[in-house]
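2 protein chains.
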Amino acid sequence: MPTNGFFEKSIFLSNWFSILLVTCVAVLLRYLLAKVDVAKYLWGHHHEGMADDLANNSKEGHCEEYFSALPEVEHVPYIGATITLPGGSRQFYEMANNRRSVRAFKPHPIPAFEVIENCILAAGCAPSGAHTEPWTFCVISNKDLKHRIRCIVEREEEINYAQRMSKQWRNDLRPLKTNHVKSYLTDAPYLILVLKQVYGFTKSGKRKQHYYNEISVSIAVGILLCALQAAGLSSLVTTPLNCGAALCRLLKRPINEKLLVLMPIGYPSDNCLIPNFKRKELKDIVFVK
Amino acid sequence: MPTNGFFEKSIFLSNWFSILLVTCVAVLLRYLLAKVDVAKYLWGHHHEGMADDLANNSKEGHCEEYFSALPEVEHVPYIGATITLPGGSRQFYEMANNRRSVRAFKPHPIPAFEVIENCILAAGCAPSGAHTEPWTFCVISNKDLKHRIRCIVEREEEINYAQRMSKQWRNDLRPLKTNHVKSYLTDAPYLILVLKQVYGFTKSGKRKQHYYNEISVSIAVGILLCALQAAGLSSLVTTPLNCGAALCRLLKRPINEKLLVLMPIGYPSDNCLIPNFKRKELKDIVFVK
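If you read the sequences in order, they're chains C and W. Quick note on the UniProt record's numbering: the first sequence kicks off at 1 and runs consecutively. Quick note on the UniProt record's numbering: the second sequence kicks off at 1 and runs consecutively.
No false leads were mixed into what you were given.
For chains that are exact copies, the list does not tell them apart, and a pair is met inside one copy or across any two.
The calculated DSSO-like cross-link candidates involving lysine-lysine, where the alpha carbons are at most 30 Å apart (straight line), are:
1) K252 <-> K208
2) K106 <-> K177
3) K167 <-> K258
4) K182 <-> K167
5) K208 <-> K258
6) K289 <-> K146
7) K182 <-> K258
8) K283 <-> K258
9) K106 <-> K258
10) K35 <-> K258
11) K258 <-> K143
12) K40 <-> K146
13) K106 <-> K182
14) K206 <-> K289
15) K143 <-> K182
I should point out that these hints are in silico values taken from the structure, not numbers from a laboratory.
Throw the hints in and build the complete structure from the sequences for me.
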């Protein structure tokens with residue numbers, strides 16, 4: 001087909017100028033609408049007299065659409081951290097640096113349940129998007145349930161190692177000497193399944209957005225790890241691929257909860273080995289300006 | 001059109017049996033191939049004599065495709081947590097519960113830089129997928145740079161509040177009394193921008209997968225928060241929408257790094273107010289079996 005013929009036959013190419021024009025007008029309109037929105041926001045914002053008035057307005061009761069999923073609370077003075085460590089950041093770093101991921105646990109002694117509770121309470125102090133606190137911590141010590149969890153995880157991990165994980169991934173894991181056999185799932189006295197609530201419910205049963213739920217729950221896991229270390233316990237953060245749905249079904253969790261990580265908790269076995277990794281140095285992880 | 005005519009004209013409907021048959025055969029083949037893969041993995045696995053032989057093999061040097069991005073290290077004994085808190089989990093919980101998100105900082109006193117370093121070192125002890133340590137902590141104390149960061153964030157936040165955030169989201173945030181004005185970005189003595197490395201590089205310059213980098217870096221943020229609290233410092237975890245690219249460009253960060261959170265660090269201002277939220281109770285976040 002000669003080029004001219006092609007141009008004449010193509011609706012798009014023969015009308016290129018009109019299409020370009022329409023696109024330009026659309027982009028311009030979108031830009032102007034954005035400016036109008038910002039102006040409206042700023043006007044409304046100044047009109048409301050900033051934060052104080054916002055708070056007063058909120059007490060007047062809004063229509064349902066405007067109702068905040070958070071309670072409307074007063075704001076109170078805060079003077080900052082008052083409960084700290086005597087040794088400060090240095091003592092904390094030494095504690096954090098002493099923590100290692102453990103893959104071999106001994107079934108006894110069984111840590112006091114109160115200790116696990118305190119650690120979870122500490123994790124529950126994590127900040128979260130719009131204070132939605134989108135976490136559930138499932139603590140499993142029942143032997144039969146631990147066995148059933150292990151069955152689910154090992155069955156999927158067999159397929160993960162054989163099929164789902166790339167060759168590169170399997171090789172990246174090789175220095176960790178991991179495989180599909182997860183005896184820690186039945187050896188460790190406790191398993192904690194940390195679930196993220198991808199959405200929640202208001203008191204009236206309406207669906208409630210959980211902003212940044214994965215980041216928020218992961219931050220809580222970081223605090224949980226520190227609390228466990230402070231209590232002298234060891235743990236391992238695992239993300240068993242493709243097991244979430246089956247584990248949530250086993251524990252009869254509601255559909256808004258998804259597995260984020262599965263952690264065995266306890267004391268390392270007597271002959272516990274860990275890879276002799278060095279951590280990155282400060283200069284390799286920090287950038288100062 | 002009469003139903004029969006419709007059936008005759010539709011290729012899909014008139015050939016439903018053949019299509020069903022082909023689908024069944026495909027599903028069966030896929031299932032059998034999965035079984036073969038698992039059998040191959042298990043055979044290879046037993047053949048290698050489990051972990052010990054795996055380690056020996058790895059010393060022999062593999063072809064590049066099989067090369068692990070992690071160093072091949074020996075495994076050493078580990079007896080578990082030895083540096084703990086005297087008050088254990090209870091003391092840690094009290095410290096964590098004493099932490100609150102702060103949105104008003106005073107410019108002075110400026111915390112010692114060594115303290116910030118220790119806190120980041122602690123965060124760098126977080127576990128990560130295949131020990132990839134996919135984090136970079138950008139510490140900003142330069143006044144001009146803080147001002148430019150604030151300009152970028154406030155410009156985007158104006159549009160966020162006006163346009164990008166849903167009405168529901170803005171209302172969910174109302175009890176926090178936030179708006180697009182972020183004076184803490186210039187008031188706080190330090191800003192820490194926590195970046196996730198979505199991939200990395202091996203020593204030979206090859207691209208290196210960073211598995212679960214968002215979860216890993218968020219866990220590190222959780223540890224960072226605890227370290228700051230231990231040192232008596234306050235902070236705020238923010239996720240400024242749509243600012244990541246501009247901030248990374250400003251700091252000339254490589255393209256494999258993306259902004260996860262931006263945290264002002266320092267001491268609360270003298271008249272600092274916080275919303276009088278209660279945290280969820282233990283029974284509302286824990287599920288025991």
